[in-house]
Amino acid sequence: AQRVTQPEKLLSVFKGAPVELKCNYSYSGSPELFWYVQYSRQRLQLLLRHISRESIKGFTADLNKGETSFHLKKPFAQEEDSAMYYCALRTGANSKLTFGKGITLSVRP
Amino acid sequence: GAGVSQTPSNKVTEKGKYVELRCDPISGHTALYWYRQSLGQGPEFLIYFQGTGAADDSGLPNDRFFAVRPEGSVSTLKIQRTERGDSAVYLCASSYGGENTEAFFGQGTRLTVV
Chain A
998 AQRVTQPEKL LSVFKGAPVE LKCNYSYSGS PELFWYVQYS RQRLQLLLRH
1048 ISRESIKGFT ADLNKGETSF HLKKPFAQEE DSAMYYCALR TGANSKLTFG
1098 KGITLSVRP
Chain B
2 GAGVSQTPSN KVTEKGKYVE LRCDPISGHT ALYWYRQSLG QGPEFLIYFQ
52 GTGAADDSGL PNDRFFAVRP EGSVSTLKIQ RTERGDSAVY LCASSYGGEN
102 TEAFFGQGTR LTVV
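In the order they appear, the protein sequences are chains A and B.
Its first residue numbered 998, the first sequence is counted upward by one per residue in our numbering.
Its first residue numbered 2, the second sequence is counted upward by one per residue in our numbering.
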């Protein structure tokens, strides 16, 4: 069975500091990996996916199959990045998403 | 449309009662998913519909939980004999289905069993 681990519950940084949100997964095949974000009082929304290999709002994430990781990074955090972030895994088209427990990112002015 | 719509947004019920939670997906989306999110946890999969049929119901915790999607659009999650442990936010998501499609989430229904 697949599993997603986000080892930290909270990350608090000052504006302009680098951010790395950790995500590790376990799955024997080739999964799709995603980062979802939930801003205060808003719905869960997709931030980025590994197959797109793009930067969204300055965030990037690289799939490392050797380390089974998909860490989310941003070089200079902004206050508006404060939110709950979830790493998720999918094992095929239309299959369910398996989520980690999430991490709260707090960016202080 | 405005996105995935879930009603009610909040529901308080007494232990042992029956509840129905409704999800209106984005028009044209054939895939529909239900998830449950307990406090401090990520969303956990319950059931997936492709069209009218339940393609994967492996996440339903027990036979008190049932979901339908009779016309391939709106879905209803039904919980019988509610227990305090059923208290959670119930999320619905929909997508076009297939490769590389994004799932869009609703705001969720917060269910509290007292």
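These aren't lab readings, by the way, just hints derived from the structure by calculation.
Here the structure is a predicted model, which is why all the values come from computation and not from measurement.
Keep in mind that the hints are not guaranteed to be accurate.
[Stated by the list, open to error] Chain A regions said to be covered by chain B (calculated; three or more residues, Cβ under 8 Å):
(1) 1058-1067
(2) 1088-1097
[What the hints assert, rightly or not] Label pairs and their calculated CB-CB ranges:
(3) Lys1054/A with Glu100/B: 18 to 28 Å
(4) Ala998/A with Arg82/B: 43 to 53 Å
(5) Gln81/B with Arg1050/A: 22 to 32 Å
(6) Gln999/A with Ser88/B: 38 to 48 Å
(7) Ala1090/A with Val115/B: 17 to 27 Å
(8) Gly1055/A with Tyr19/B: 26 to 36 Å
(9) Gly1013/A with Lys16/B: 30 to 40 Å
(10) Gly99/B with Glu1017/A: 10 to 20 Å
Cβ atoms here follow ideal geometry from the backbone N, Cα and C, with glycine treated the same way.
Hint check:
no.: 1; hint: 1058-1067; verdict: violated (count 0)
no.: 2; hint: 1088-1097; verdict: holds (count 8)
no.: 3; hint: Lys1054/A with Glu100/B: 18 to 28 Å; verdict: 25 Å, holds
no.: 4; hint: Ala998/A with Arg82/B: 43 to 53 Å; verdict: 28 Å, violated
no.: 5; hint: Gln81/B with Arg1050/A: 22 to 32 Å; verdict: 46 Å, violated
no.: 6; hint: Gln999/A with Ser88/B: 38 to 48 Å; verdict: 26 Å, violated
no.: 7; hint: Ala1090/A with Val115/B: 17 to 27 Å; verdict: 41 Å, violated
no.: 8; hint: Gly1055/A with Tyr19/B: 26 to 36 Å; verdict: 47 Å, violated
no.: 9; hint: Gly1013/A with Lys16/B: 30 to 40 Å; verdict: 50 Å, violated
no.: 10; hint: Gly99/B with Glu1017/A: 10 to 20 Å; verdict: 32 Å, violated
Hints 1, 4, 5, 6, 7, 8, 9, 10 from the earlier list are contradicted by this structure; the remaining hints agree with it.
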